[in-house]
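Taken in sequence, the protein lines are chains B and U.
Position 27, counted from 1, in the first sequence is what this note's numbering calls 954; the numbers after and before it change by one each time, with no gaps.
Position 32, counted from 1, in the second sequence is what this note's numbering calls 41; the numbers after and before it change by one each time, with no gaps.
Think of the hints as simulated: they come from the structure by calculation, not from any bench.
Any given hint could be a false lead.
What the hints assert, rightly or not - Label pairs and their calculated CB-CB ranges: (1) 64(U) x 1040(B): 25 to 33 angstroms; (2) 986(B) x 91(U): 17 to 25 angstroms; (3) 115(U) x 1015(B): 13 to 21 angstroms; (4) 49(U) x 944(B): 25 to 33 angstroms; (5) 941(B) x 80(U): 44 to 52 angstroms; (6) 77(U) x 1012(B): 37 to 45 angstroms; (7) 24(U) x 966(B): 24 to 32 angstroms; (8) 65(U) x 1024(B): 21 to 29 angstroms; (9) 1012(B) x 70(U): 18 to 26 angstroms; (10) 120(U) x 979(B): 41 to 49 angstroms; (11) 1025(B) x 35(U): 23 to 31 angstroms; (12) 988(B) x 38(U): 23 to 31 angstroms; (13) 25(U) x 1012(B): 39 to 47 angstroms; (14) 977(B) x 24(U): 39 to 47 angstroms.
Remember, it's a predicted structure, so these values are computed and weren't measured experimentally.
Cβ coordinates follow ideal geometry from the N, Cα and C atoms, glycine included.
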Amino acid sequence: SAVISQKPSRDICQRGTSLTIQCQVDSQVTMMFWYRQQPGQSLTLIATANQGSEATYESGFVIDKFPISRPNLTFSTLTVSNMSPEDSSIYLCSTKTRGSYNEQFFGPGTRLTVL
Amino acid sequence: AQSVTQLGSHVSVSEGALVLLRCNYSSSVPPYLFWYVQYPNQGLQLLLKYTTGATLVKGINGFEAEFKKSETSFHLTKPSAHMSDAAEYFCAVSGATNAGKSTFGDGTTLTVKP
Chain B
928 SAVISQKPSR DICQRGTSLT IQCQVDSQVT MMFWYRQQPG QSLTLIATAN QGSEATYESG
988 FVIDKFPISR PNLTFSTLTV SNMSPEDSSI YLCSTKTRGS YNEQFFGPGT RLTVL
Chain U
10 AQSVTQLGSH VSVSEGALVL LRCNYSSSVP PYLFWYVQYP NQGLQLLLKY TTGATLVKGI
70 NGFEAEFKKS ETSFHLTKPS AHMSDAAEYF CAVSGATNAG KSTFGDGTTL TVKP
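Just chain U, same shape as in the assembly (with noise of 0.2 angstroms):
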């Protein structure tokens, strides 16, 4: 059993501030961990992954994530908030075989304020 859980439905920063999305997790199994992001009128995107191996991983448009399996955490991060990162962001699980489907959470929705 997995499951994924996103602290803070929304999050509002200023532009150029730090960017942190909270993600926690629970998988039965060694998990594989994702963020996505749709922006409006879109399909999602992968953003980053961890799969195995450094547990500090780096995305596109300046985004990083940390895995901590002793705080079963895979918090989103980004120094300084751009206008253009405002958007809805999912983290999702899904176990470590060819045939795990993923687990989505319930998303964060990003506000940058000018």
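Next up, chain B with everything else stripped away, as it sits in the complex (with noise of 0.2 angstroms):
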């Protein structure tokens, strides 16, 4: 298994700044995924980070709005930039273990709203 951590849990922005989102693991993980949770909505996967790699974004999620970075197996964060309303969501960090069978692992999440 894996515990997961993420700072800041909440914050309030505003429009056109930045925020970037850490996400600590207490075991070395290979693959780091970000996904984004609107209110009430599943969750989307912006990217897959992967130590010593440049990160894998899904469509529709580019690495100037959403630079990534994974310095280590235990640590990623993810930037949001340029902020907008539509940014406002839930932004939530994953990873897997080793023969875990793809069982997913989350941090509690970081609740971000820009005004």
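With the hints in hand, could you dock these two chains into one complex?
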């Protein structure tokens, strides 16, 4: 299993600014995932971050808007850049551990409100 | 390619009644199937999973699900609902490879009435 923490837990930001969300895992993992969950909706995968390589972005998400860092096997950051109210959402960090049959573990989420 | 359909975005039951949350999937490869629960202001946590073997799988908090390949279904049940079961439930599917990414359904909100 894996225990994931995220910072901040919530934030209120002004339009046009950027916010960096941190994700810390209590064990070394290869793959880390970043999701967006808009109110009352399902999870949308933003990107997959593997240590030592560039993040892979899903359709509709671009690196300029959502730059991701993965400096080591336990940590990742997601930046939401040049924010607009449409970016208001919950951002979830997730991972899966070796041999877990693709079971995913999730952080508690970062609740972002953009004014 | 893979997809998940959860039938019913909202389900309401009385405390003590049967809980049935429906999930149908499609997958071009043998699937791994999951149910996750999300309580308010929390991340998702795994309820149960099907990988291989026994098609009836038991999870935490008295939940179970049955993999029916012929029906491409993985419905979640609990014999007797408890107030603490009120939450959002997500069904997910991934391909049976280590690199498989999961696809999540739209979620079902379970309300439990006293």
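>> Check the structure against each numbered hint from earlier and tell me which ones fail, lowest number first.
In response: Failing hints, ascending: 1, 2 and 9.
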